[in-house]
Structure formats: C-alpha cells, structure tokens
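K.L.:
Sequence:
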Amino acid sequence: MVTNSLLWTTADLDVMPDDGGWKRYEIITGELFVTRAPHIRHQSAAGRIHVCLDNWSDETGIGRSFEVPGIVFTPTDAVIPDVVWVSNERLANGIDQSGHFTIAPELVVEILSAGENNKHRDKSVKLKLYSQHGVQEYWIVNWQLKTLEIYRRTDAQLQIVATLLVGDTLTSPLLPGFSVLLDRLFI
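Sequential numbering from 4 applies to the sequence shown in my numbering.
Think of the hints as simulated: they come from the structure by calculation, not from any bench.
Below are the DSSO-like pairs computed for lysine-lysine, each with C-alpha atoms no more than 30 Å apart in a straight line:
| hint | residue 1 | residue 2 |
| --- | --- | --- |
| 1 | K149 | K122 |
| 2 | K131 | K149 |
| 3 | K149 | K126 |
| 4 | K126 | K26 |
| 5 | K26 | K131 |
My request is simple: use the sequences and hints to build the entire structure.
P.N.:
If you want it as structure tokens, here you go:
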C-alpha cells in the first residue's frame, strides 16, 4: 500500500487562489480539507450564536466572540471554525500579525454541514484537534435536527456532557450568566 506522505502547511494556504470566499481551506495534521460556502441555515445558526455570545460579552466585558476566525495551532493545524469565544486574557496574547488566533479560544462552535465527510470532520477530527490544543468547551450544532451537543474538558480531553433539543436552554459554566433558549438559534 502506498500512502501520500505530503503534509500541507500554512505556507501552502498562503499561495491558494482567492476564489471570492466560496471555499474554506483548513489543514488538520497536515491533511487539506476544502469545503464549500455553507447552506444559508448553517450561516444563520452561526450568526445567531455569534450575536448571543457577543451581546453577553458586551454585558460582562470578560471576552469577545468572533465568526469564522482563522486559528493556527501549528504549521500543519490551521482551521476556520464557525464561531469562537475567547477571554480577554487569551485574546491579548493569542493573535498573530495576520489576525489569526495562535492559541485555543475557550469555546469553539462548529455548525454541521451536510454530508458524512463533513460530519466526521467536525465530530471526530476537529474534536480531537480542539481537545489536544486546550479548547475548554466545544459545541457542535446540527441546524437540520435543531440540536446542540456540548463537549467540555474533563480529564484533559473534551467529552460530551449534553445534547440539547428545541425547548432546552443553553448555558455554560464557562460563560457565567449566559443563557439562551435553543429555539432562538434556528430559523
């Protein structure tokens, strides 16, 4: 069996053609992942989560939320999650000159895209990556089923602690006082 020993790096991403934002390029353990612009309901869920986190952040002043930020953990691990929340302390020391995170935000949110490959990437490959790099909480949102899985750091890894359904309220010990009815995240 012959394996492809090519490892993609962030330097390779720098020379990718600009396609006007129709594709998202990510590298995880040197493997290149290319995805299309997401479904409008995917974007809506991400936007609503971002707004809820941003409003809460404005009220508390303890951090910031960002939509589709670049995170460069290593030259062979660079991703673009849908939403992140980061404390002011981490934000102060975790951004490179290009405006990418170089540290793990406390919270990462991925909205599932259709297709088994996309689901596997978010529920397995990215879960492992975020766990290895110190993300404290990871939300996986399924806009089609209107569910939200919560993974929290326990024993040095992210483990599932809850699956929320329509009618449930989303809270987090990471975000004191944050609370949103899950129904508000979906159109």
